[in-house]
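*Asks:* If you want the building blocks of each chain, they are given just below.
Protein chains: 2
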Amino acid sequence: MIKRIIDMIKESKITELSEYLQKLNSVDIAKIIMELDDKYSVLVFRILPKDTAAEVFSYLDSEFQQHIIEAMTDSEVEEIIEKLFLDDTIDFIEELPANVVKKVLRNVSFQKRQLINQFLKYEENSAGSIMTIEFVELKENMTAKEAIDYIRKTGFNKSIIDTFFVIGKYRKLKGIVSVKDLILSPENLLISEIMNENVIFVNVGEDQENVAYLFKKYDLVSMAVVDFEGRLVGIITIDDVVDIIEQENTEDFQKMAAIEPSEVPYLKTPVVLLAKHRIIWLLVLMVSATLTGSIIKRFNDVLQSVVILTAFIPMLMDTGGNAGSQSSTLIIRGLALGDIKTNDYLKIVWKEFRVSLLVATVLSTVNFFRIYILEKTDIMVAFTVCGSLFFTVMIAKIVGGILPIIAKKLKFDPAIMASPLITTIVDSFALIIYFYLASVFLGI
Amino acid sequence: MIKRIIDMIKESKITELSEYLQKLNSVDIAKIIMELDDKYSVLVFRILPKDTAAEVFSYLDSEFQQHIIEAMTDSEVEEIIEKLFLDDTIDFIEELPANVVKKVLRNVSFQKRQLINQFLKYEENSAGSIMTIEFVELKENMTAKEAIDYIRKTGFNKSIIDTFFVIGKYRKLKGIVSVKDLILSPENLLISEIMNENVIFVNVGEDQENVAYLFKKYDLVSMAVVDFEGRLVGIITIDDVVDIIEQENTEDFQKMAAIEPSEVPYLKTPVVLLAKHRIIWLLVLMVSATLTGSIIKRFNDVLQSVVILTAFIPMLMDTGGNAGSQSSTLIIRGLALGDIKTNDYLKIVWKEFRVSLLVATVLSTVNFFRIYILEKTDIMVAFTVCGSLFFTVMIAKIVGGILPIIAKKLKFDPAIMASPLITTIVDSFALIIYFYLASVFLGI
Chain A
1 MIKRIIDMIK
11 ESKITELSEY
21 LQKLNSVDIA
31 KIIMELDDKY
41 SVLVFRILPK
51 DTAAEVFSYL
61 DSEFQQHIIE
71 AMTDSEVEEI
81 IEKLFLDDTI
91 DFIEELPANV
101 VKKVLRNVSF
111 QKRQLINQFL
121 KYEENSAGSI
131 MTIEFVELKE
141 NMTAKEAIDY
151 IRKTGFNKSI
161 IDTFFVIGKY
171 RKLKGIVSVK
181 DLILSPENLL
191 ISEIMNENVI
201 FVNVGEDQEN
211 VAYLFKKYDL
221 VSMAVVDFEG
231 RLVGIITIDD
241 VVDIIEQENT
251 EDFQKMAAIE
261 PSEVPYLKTP
271 VVLLAKHRII
281 WLLVLMVSAT
291 LTGSIIKRFN
301 DVLQSVVILT
311 AFIPMLMDTG
321 GNAGSQSSTL
331 IIRGLALGDI
341 KTNDYLKIVW
351 KEFRVSLLVA
361 TVLSTVNFFR
371 IYILEKTDIM
381 VAFTVCGSLF
391 FTVMIAKIVG
401 GILPIIAKKL
411 KFDPAIMASP
421 LITTIVDSFA
431 LIIYFYLASV
441 FLGI
Chain B
1 MIKRIIDMIK
11 ESKITELSEY
21 LQKLNSVDIA
31 KIIMELDDKY
41 SVLVFRILPK
51 DTAAEVFSYL
61 DSEFQQHIIE
71 AMTDSEVEEI
81 IEKLFLDDTI
91 DFIEELPANV
101 VKKVLRNVSF
111 QKRQLINQFL
121 KYEENSAGSI
131 MTIEFVELKE
141 NMTAKEAIDY
151 IRKTGFNKSI
161 IDTFFVIGKY
171 RKLKGIVSVK
181 DLILSPENLL
191 ISEIMNENVI
201 FVNVGEDQEN
211 VAYLFKKYDL
221 VSMAVVDFEG
231 RLVGIITIDD
241 VVDIIEQENT
251 EDFQKMAAIE
261 PSEVPYLKTP
271 VVLLAKHRII
281 WLLVLMVSAT
291 LTGSIIKRFN
301 DVLQSVVILT
311 AFIPMLMDTG
321 GNAGSQSSTL
331 IIRGLALGDI
341 KTNDYLKIVW
351 KEFRVSLLVA
361 TVLSTVNFFR
371 IYILEKTDIM
381 VAFTVCGSLF
391 FTVMIAKIVG
401 GILPIIAKKL
411 KFDPAIMASP
421 LITTIVDSFA
431 LIIYFYLASV
441 FLGI
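Here the protein sequences come in this chain order: A and B.
Under full-length UniProt numbering, the first residue of the first sequence is numbered 1, with each subsequent residue one higher.
Under full-length UniProt numbering, the first residue of the second sequence is numbered 1, with each subsequent residue one higher.
Hints may contain errors.
[To be verified] Facing chain B, according to a computed beta carbon distance under 10 Å, are these residues of chain A, among others:
id	residue
1	Y59
2	E197
3	Y218
4	D240
5	V241
6	A257
7	L267
8	L303
9	Q326
10	D339
11	V359
12	L363
No lab work stands behind these hints, which were simulated from the structure alone.
From the three backbone atoms N, C-alpha and C, an ideal C-beta is built for every residue, glycine too.
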């Protein structure tokens with residue numbers, strides 16, 4: 001596809017290229033532009049009809065947006081920016097270096113510039129920062145027909161998805177009317193009779209994570225955002241919420257793997273930054289592993305007298321770590337999805353207790369069979385190893401189940417409590433139990 | 001809130017209760033019903049207006065749906081089911097025991113029963129199984145006004161969100177018309193002139209994961225589903241896709257923590273099932289840890305002659321495991337989001353090589369400082385430990401980066417390749433390097 005486009009440019013078949021591009025989706029055109037050489041990409045962008053160009057622009061990565069802005073004349077920049085939805089403009093301005101921002105702000109209308117500035121002031125990850133202000137607002141005392149006429153007149157640059165928002169005096173949010181209800185209602189019915197007053201909305205300052213939670217809970221496609229006086233100031237649409245959901249999931253994956261969270265895709269993150277995101281936790285965990293080291297040092301005489309005991313340490317530690325992170329992962333995920341609440345902690349402990357009893361029994365039995373019957377290890381050593389395995393798995397699962405809840409209660413992020421930290425705690429328990437049982441069974 | 005409702009029931013204030021419930025959202029009513037005792041929940045459900053009842057029903061967990069169906073008369077069941085959207089009916093039928101399914105199927109119209117049966121035949125997790133067939137379809141040769149009149153006549157039981165779908169001869173999918181374009185177009189414009197022919201659609205057999213990917217890529221709110229002849233047979237809506245996205249994420253979290261994936265929330269999963277989901281991988285990993293055990297046994301004389309070496313084994317293993325799962329998590333997530341493709345493997349190896357060089361250098365330097373300067377360990381032992389740490393981190397990161405790609409190439413799920421499996425591999429490398437360096441530096 002790329003080759004064909006380059007050929008058309010080289011042969012100056014501009015009309016043909018233009019027709020070809022019109023058949024493509026904006027997302028795909030954006031992808032093509034990002035794959036082309038710089039000299040071709042600006043040319044292809046210029047060929048696009050202005051409306052398409054604005055849409056394609058919103059799908060470009062910020063480095064390409066910057067490149068295109070730099071290559072454009074002031075009036076071209078103006079045309080693109082004026083056609084962009086405001087939330088897309090904000091998104092891309094936030095990523096630009098200051099000199100390019102200036103070029104953009106110089107070329108937008110005063111009104112739009114004010115809006116941009118206003119938006120940039122909302123806190124990151126707040127409802128205000130992700131909302132769009134280009135929506136259609138209806139009044140209670142309009143009839144269905146008046147509302148449709150009003151939408152015809154004012155809707156062109158607005159985002160219309162599934163819902164219209166109804167305001168009363170002082171722009172106070174009064175209700176919502178679904179597109180469906182508006183179309184299906186008799187022409188002379190009043191909006192106040194059609195609208196649903198039971199509206200789910202958020203305040204501009206609300207955290208985006210909670211916004212996503214409400215969208216999921218109430219199966220929303222768009223949602224109203226109000227200011228502190230209850231006035232309608234914007235709407236949030238599902239496409240942005242889907243991005244937020246994926247972003248929050250990515251952050252949880254990263255935290256659970258002991259990485260500082262970052263939104264930038266892996267291949268686009270510089271090496272130094274990748275290293276920085278990883279090194280802090282690795283250092284913390286490495287130093288905390290000193291604990292296991294000192295436990296071993298302290299019981300070195302035990303290991304000296306029964307040499308074979310050392311060989312089972314990795315297995316004990318790994319199994320304990322895995323058992324613990326299984327539990328913590330399920331609890332962290334349940335908390336994130338809202339399936340588990342912090343006051344479920346008694347249920348969790350009781351459940352993990354029973355699960356771990358089953359799991360620990362099976363694991364130690366299999367292990368006993370393996371090391372006593374198959375490997376013909378001394379029976380007392382086998383008892384020591386399997387007993388330790390049993391208690392380690394029990395402790396690992398209960399600690400893994402309860403630690404995320406404690407973190408959440410203390411207002412820490414439960415995801416941070418995941419595998420790596422639990423591994424360190426469980427390792428220490430495992431070694432202490434191991435050496436204690438060794439002294440009991442082997443009389444050291 | 002619950003208490004107030006129970007009070008109203010006890011005092012037989014049914015009108016008051018009915019008014020109170022009407023002010024609530026269906027999702028919240030469903031929540032209340034699930035918190036009430038059985039005797040009250042059916043009563044509250046009966047008070048609801050039939051339309052609300054159907055909606056509330058769709059938000060109940062399957063055990064409560066079953067309970068309500070069992071408590072209802074045949075004609076009540078009929079009313080509820082006829083008002084439910086078909087996709088919600090399918091969802092709940094799939095969860096019911098056979099005798100309750102019979103009660104449901106007995107009470108739906110023949111036409112609806114045929115449809116249900118047809119849907120139950122689509123493969124689980126396919127586009128066909130998640131689509132709804134209650135949508136409005138327009139014809140190319142309608143005018144905008146005719147289309148709106150047609151929607152008014154036929155739209156009542158249909159799902160109308162942001163898009164109408166246009167079909168031609170033999171129900172072939174021809175294009176889509178957004179609600180916005182339909183409202184804004186002059187009344188006499190033909191649908192064929194308004195519609196966008198560049199439609200993103202999927203086949204009924206398409207995997208739901210790919211459906212979710214397309215929704216995210218193209219910022220869709222609804223999407224057409226066609227059969228193998230290209231005929232429009234259903235639509236998929238974003239609310240179901242959001243559930244799929246969360247479900248796929250949950251599965252990845254579970255796989256990465258070495259748990260068999262399950263869709264049932266933690267608190268609702270029986271203990272035996274929870275244990276079963278976890279035990280298989282724990283057994284596999286426990287037995288594979290025999291490898292590390294046998295490495296230690298083989299080099300036992302090294303540990304015997306320099307006793308202190310044992311104390312550093314947990315730190316080495318844990319740090320290697322953490323370093324490896326950091327890399328694998330980023331790659332697995334990148335693959336899941338489509339940011340990383342399998343043919344990026346050279347870029348990944350090169351990137352991980354440089355990242356690990358930085359990380360390994362910092363970690364071994366800090367560790368050298370700690371064990372040589374602070375703990376005054378023998379310098380040769382310090383060299384052995386820090387050298388091993390350096391190479392272990394290097395190998396862990398490169399293995400962690402490349403293993404998910406190999407898994408994907410071999411058509412395995414990359415998430416399975418995460419932390420636990422990588423830990424076992426990295427542990428073995430760590431020990432071999434450790435004993436090798438010990439023999440070099442300490443001359444054992």
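*Asks:* Indicate, hint by hint, whether the structure satisfies it.
*Replies:* The hints, checked one at a time:
Using the Cβ-Cβ criterion of 10 Å, the hint placing Y59(A) at the interface with chain B is satisfied: the shortest such distance is roughly 9 Å. The beta carbon of E197(A) is positioned within 10 Å of a beta carbon in chain B (closest approach about 9 Å), and the interface hint is therefore held. Interface hint status for Y218(A): upheld, as the beta-carbon distance to the closest one in chain B is roughly 5 Å, under 10 Å. For D240(A), the interface hint holds, the least distance from its beta-carbon to any beta-carbon of chain B being 9 Å, beneath 10 Å.
Among the interface hints, the one on V241(A) holds; its C-beta lies about 8 Å from the nearest C-beta in chain B, closer than the 10 Å criterion. The interface hint given for A257(A) is met, as the beta carbon of that residue sits about 4 Å from the closest beta carbon of chain B, less than 10 Å. Look at L267(A): its Cβ gets to within about 6 Å of chain B, closer than 10 Å, so that hint holds up. A hinted interface residue such as L303(A) counts as satisfied when its beta carbon comes closer than 10 Å to some beta carbon of chain B; here the least separation is about 6 Å, so the hint holds.
Satisfaction of the interface hint for Q326(A) is found here, the shortest Cβ-Cβ separation to chain B being roughly 5 Å, below the 10 Å cut-off. This hint holds: D339(A) has a C-beta 4 Å from the nearest C-beta of chain B, less than the 10 Å allowed. Nearest Cβ of chain B to the Cβ of V359(A): about 5 Å, under the 10 Å cut. The hint holds. Annotation: interface hint on L363(A) holds; nearest CB of chain B at approximately 6 Å, less than 10 Å.
Comparing the model with each earlier hint shows no violations; every hint is respected.
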